[in-house]
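*Asks:* Take a look at the letters that make up each chain.
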Amino acid sequence: MGDNLQLNSEGKLKHFLTIEGLSQTLLNEILDTAESFAEISEHQVKKVPLLRGKTIVNLFFENSTRTKTTFELAGTRLSADVLSINIATSATAKGESLLDTIRNLEAMYVDMFVVRHAISGAAHFIAQHAAPHISVINAGDGQHAHPTQAMLDMFTIRQFKKDFAKLRVAIIGDILHSRVARSQIQALNILGVAEVRVIAPKTLLPAEVETLGVTVSHNLTDGLQDIDVVIMLRLQKERMTSALLPSESEYFKCFGLTEEKLKIAKPDAIVMHPGPINRGVEIDSKVADGLQSVILKQVSNGVAVRMAIMSMVLRKQGMPA
Amino acid sequence: MRFIQIDDGRIIDPANHINREGSVYLADGKVAAIFNKPDGFTPDTVIDAQNKIICPGFIDLSTRLREPGQNRKATFASETLAAASAGVTSLCLQPDTIPVVDTPAVVEFIKDLAEKVGYTQVYPIAALTQKLEGTELSAMLSLKQAGCLAVGTGNRAMPNLLVLRRAMEYAASHDLTVMIRPNDYWLGSQGCVHEGAFATRYGLPSVPEAAETIALAHCLELAELTGCHVHFGQISGKRSVIRIYQAKKYGLNITADVAIHQLHLTENDIKPFDSAYHVLPPLRTEEDKQYLRQGLENGTLDCICSDHQPHDLDAKLGAFPETEAGMSALETLLPLMLALVAKNAINLDQGIAALTQKPASVLGLASGALTPGLAADICIFDPELVWQVGTDTWKSQGINTPYWGKIFKGRVTHTFQGGQLIFSL
Amino acid sequence: MINIAQLLDVLEAELNRIIIERKLANPLMIGIRTGGVWVAEQLHKRLGLTEPLGLLDISFYRDDFSQIGVNPNVKPSQLPSHIEGRDIILVDDVFYTGRTIRAALNEIFDYGRPNQVVLAVLIERDGKQIPLSPDCIGVRMNLNPSQRIKLIGPEPLAIDLQTTDTAA
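Protein chains in written order, with this note's numbering: chain D, 1 to 321; chain H, 1 to 425; chain Z, 1 to 168.
Calculated directly from the structure, the hints in this document are not laboratory data. For clarity, every value in this text was computed on a predicted model and none was experimentally measured. Yeah, the Cβ is synthetic: ideal placement off N, Cα and C, and Gly gets one too. Any given hint might turn out to be false.
Some chain Z residues close to chain D (C-beta under 7 Å, calculated; not the full set) [what the hints assert, rightly or not]:
#1 Ile20
#2 Leu24
#3 Gly69
#4 Pro76
#5 Pro80
Bound-form chain D, shown alone:
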């Protein structure tokens, strides 16, 4: 499926739309490449000329400061020209179709679209209809996928845990609406972890969730046993108003990660969160700021991982080897 669209005839990445369909080898290559970029970012000279002359357009149909910032930074550090467009205030809000928006930008000779959209499948649609030389990176589409976030999460896990094979990973929260969770589950399974466990109330789990390759728990206390990596998901305010949950405090009582609850997991378990954090709703401040939290590391890894993905994807297609 997506792997045909994402890979070119040589099996190299042309778009980065979803984790699904990518091989373990390719995921590890992304992680290794990100490693070299991570060290660059700690140096005085943070720029490399790899993508000089390339034009990257960040097309954000959905607001996001942090993801947009990391993509801007990643592109700039690769010496590309980066343009960020917030569509909510632009032509599409006036009724311009998705396709027309793309065509208008293509007419200005761009090389890459980084797309964030509220509807599942938007990035695939753009990749299918964009001009052949253009690469598309999915920065999050509806509830479907957020593959760059998943990769930076895997990169962070690898930094602290080295070997995926024995890991038990728990993902806690609103799985139903989470594109991050779907991509993380796919990546964890492809990288061969021992177990992926989702912990959530029934209203926040999608139908037949086990088919994603996870075990299920509705109880945080039971669910955290033997866990090496705890990934907390953000609980959005809308979930209360659409009759999915009664209140934030009730949610925190059952599923909020406190120091007490964290003790149930393995003593060297790490705590992750894709952000932004809702303190006191899904996670206690003491845990978010505590010794086991690697949340800030995730953020700093975000730029390196995106640099890796962008440079892998923009390698010219069809050039003689």
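Model the placement of chains H and Z on the given structure of chain D, informed by the hints.
*Replies:* What follows is chains H and Z alone, placed relative to chain D:
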């Protein structure tokens, strides 16, 4: 052409229990005789139907021709040509046109359109409520007198059961069949795929099967309460089939149809994010498909329809959930029915009955059979003819079908409507 | 057979001559990974330099990124903070097309503006494609287009000469 002779075909007419080689004789727009040539019959035209099948013209219980109101998508001219090429001689038009079929004026307009393009048997289904808004009854008697054979809810769900009850009672009092595609207003309005493994994997908004079965259950109770004949359209789920089976056994006066593509496709066939597969009701699971097939075989589901919904290109261009649902489906009706027979899900008699005799009975039409004296609505098709879906063969203005480019076996060679040859290959 | 020690003797002598001629003051020696670093380590010892050797990885500055893509195993360059105004001795094992040196110069200049750069290579061969040349060499060789020469190491250092089917 007043006198037409169709020679040496295999005549399949389930209504009259006929399935053998023979000839058919048409005179003055009616079937004159089968097998035995009438005395003094001199044909103007003789059609050689060797190796072909002669059957009654197909009656399609659910189509949308997009006129009036949505000419961008399709027109009477293009879609009746598609129907004729598909062997369909009677079309039921769903009431959700623009404007809705809730006044005799709209019915007249539709009849005029049909006459202008030379395809006379378009039967608009009248709207059950005014503007299909689900609050006030439509003028059902006037609509019946204008020519509507049934009333229906189109693609709108009805949240107010009190209104639905009264509408059904009123329809029953005028001997009108109520055609409903069961879909709960609250559970069934936010989704583009079946609520299950596929939706979960691709993060797509979904419709649970319960949306259909719950609405079905409401309507069954109301059917019993009001004594109304209800016809359930485009059934898609296992539990619906079970309920309809039980209701029929119980003695309720109900009938049902299924769209032909639901008998072949499931969510596992959906090419991810390919809007050609975006249909409502959505493609469900393998188990649902098996139950639909069994339901058709044992008569729980009476008829097959095309659920023809042609779309303009823009309607299908966009992120999957934002595209419009529906498939252009008239021209794949026959080959898909034959494919079902080839899979031994049903036999050919049952397949043809589901497209002729049974829908005629649902509508109370004197049609769907080759009985001498009835109007000559005839379909002749070659079951072995191989063809490919593409710009050379496709007549509908909508090319929105997951079968685009597919190679099929079975194609209509001649279609007669009231003795007029409205299509030949 | 090529004697590495002899080449290093020649190169050391040439380098000492250039240092005087071009008036290099407190030069910073930088070796290009990987072969250039091995050569630089030897020269660094022979010249008795005290400041640590700089290590340059030019992977991100290569001009053939479009064709071959990103190497996943890049180690970052290690240069001291001040390039500004320094005299640099840039060391590589083989000078061939000149593209490696161009990339190395681009990278060094991204760190700062040196006072001058002297290029020392162990082996200069034919096949130049960019108008650059070394300031001092161990030996000059003419090879066939199908031949490739490289340094293997780190211990012991040796020259590897291969003939390939395809041209470079």
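*Asks:* A separate judgement is required for each hint: does it hold in the structure or not?
*Replies:* Hint check:
Because the beta carbon of Z:Ile20 sits about 32 Å from the nearest beta carbon in chain D, more than 7 Å, this interface hint is broken. Interface restraint check for Z:Leu24: the shortest CB-CB distance to chain D comes to about 24 Å, outside 7 Å, so the restraint is violated. The interface hint given for Z:Gly69 holds, since its Cβ lies 4 Å from the closest Cβ of chain D, which is under the 7 Å cut-off. A distance limit of 7 Å between C-beta atoms decides the matter here; for Z:Pro76 the minimum to chain D is near 4 Å, and the interface restraint holds.
Hint status for Z:Pro80 relative to chain D: violated, with the closest Cβ pair at about 10 Å, above 7 Å.
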